[in-house]
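**Student:** In case you want the letters, here they are:
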Amino acid sequence: MAEPREIDAAEITRVVRDLCIEINYKVPEEMVRLVRRARELEESPLGRQVLDLLIRNQELAAEGEYPYCQDTGYTVIFLDLGQDVHVTGADLYDAVNEGVRQGYGDGYLRGSIVRDPLFERRNTGDNTPAFIHTRVVPGDQIRIQVDAKGAGSENMGKHAMLKPADGLEGAKEFVLQAVAESGPNACPPGIIGVGIGGNFEMSAVIAKRALMRKVGQPSSDPQIAELEAELYEKCNALGLGPEALGGTQTVLAVHVETMPTHIASLPVAVNVECHAHRTGSRVI
Amino acid sequence: MTVEVLDDGRKRIEAPLSDEDVRELKIGDVVLVRGTVYAARDAAHKRMVEMLDRGEELPFDIAGQIVYYVGPTPERPGHVTGSAGPTTASRMDKWTPRLLELGLKGIMGKGGRGPAIRGELKEHTAVYMAALGGGGALAALTVRSQEVIAFEDLATEAIRRMELDDFPVWVVNDCEGRDFYGETVKPWRKNELLPESLHVSTDEWAGKNGGG
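Chains A and B, in that order, give the protein sequences. Under our numbering, the first residue of the first sequence carries the number 1, and numbering increases by one thereafter. Under our numbering, the first residue of the second sequence carries the number 1, and numbering increases by one thereafter.
A portion of the hints provided could be inaccurate.
[Stated by the list, open to error] When the alpha-carbon atoms are kept at most 30 angstroms apart in a straight line, the in silico DSS-like pairs for lysine-lysine are as follows:
no. : chain 1 : residue 1 : chain 2 : residue 2
1   : A       : LYS26     : B       : LYS122
2   : A       : LYS158    : B       : LYS190
3   : A       : LYS158    : B       : LYS11
4   : B       : LYS46     : B       : LYS122
5   : A       : LYS158    : B       : LYS26
6   : A       : LYS163    : B       : LYS94
7   : B       : LYS122    : B       : LYS186
8   : A       : LYS214    : B       : LYS190
9   : A       : LYS172    : B       : LYS186
10  : B       : LYS94     : A       : LYS172
[Unchecked claim] Stretches of chain A that chain B covers, calculated by requiring three or more beta carbons in the stretch to come under 8 angstroms of a beta carbon on chain B:
no. : segment
11  : 27-41
12  : 53-65
13  : 204-218
Hints were generated in silico from the structure; no laboratory data involved. Backbone N, C-alpha and C define an ideal beta-carbon position, used for all residues, glycine too.
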């Protein structure tokens, strides 16, 4: 067995802090490219005006003075933790949350998390706690992906336990329904993350993971890639367009992830993402 | 004030608004808002309505005013505001009628309002306008000043008095009960590519609880 590699929790805190700040000001390169492409493809004059504004907003935010969106999101963290890593100095999740606390403070980002959902709903002030998904993987590194997920699009998510008899057509219709109903609230054009299979919670988790893929990169499975291309075309046929003011560019990409499921089940989850797609990763 | 119509067709308004001003604002109009607006979102609305239920007065005189659904990011030193784009309007539906009864004339947010609120806007001669969703950085450039005037403990959800300079919005629901989204999307929907169940009405958006 390999000797464990020691990683100081302070290093994890620093990486999370830096990523929180970076992503809230600068969207990924692919988003810059895809929004510009949508601007070229958009047929509606009003839609083109909106996309021009979104491009200006991207550029302004990248200067580092004003975050892209005032909703600096839920902080969702994906940890791929190498099984030969030994974290020292602090608890792993405490280190992650400390990074969020520092990043949201130092980066002038909005605290949007309330401590309890039902009673006082008191703002924690520093956007903690983060929602952390951990996967143990081979190796002696930690990959950290941070996502600032806006609530406008998150609230438009839909989940269903379809019947196997509903099949592929039923799943497609469910996705389109979710996008159609999300309308302007999800700040289109964005990305549609779809999780199909697994059980109740796994379908939702893989829908979120679908959003973490490099934007516009098709699935490595040719059948799924074909489904993604079809859904992309049909989502855009909905006519919502930029900010749902009408047009041909409703989504920038559709990402689908699937996994094994039960003989009795066809779970489908749709996790909608807005044009403010803010994510980034680093390996320690 | 009276509504100022610019050469390019855009309209400029400043609160306080009269019924006559509101009637000049039609769906699809691009409106530049300047002067005072009051920032308030979910938690502030809940508290304001609780105050009214107890027979208390609101922290500001809302008659003729414009309320903006926004919770800005903290301002950097030397800046008057952080990012300040709109949040989803339909989450405020539960509380909006009480404020319209007191003479609220203009509302700014994101997304549309359902038939119930559209009816209230008509009854009270008020207008709902949508700002650029997710355009928080651009929005910040039009904020001249802001100060928290109530509910400071609500952090980003406190009530703020903001002074705006030509903040751009679209009229989405006017005082005739009309809905801009319904009209703009229809011509672009390619029904031949879609299952029949997807010929949805845009009314469905309004009951949704988007965020921001």
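**Student:** Determine which of the earlier numbered hints do not hold for this structure and return their numbers in increasing order.
**Tutor:** Per hint list: 1, 3, 5, 6, 10, 11 and 13 violated.
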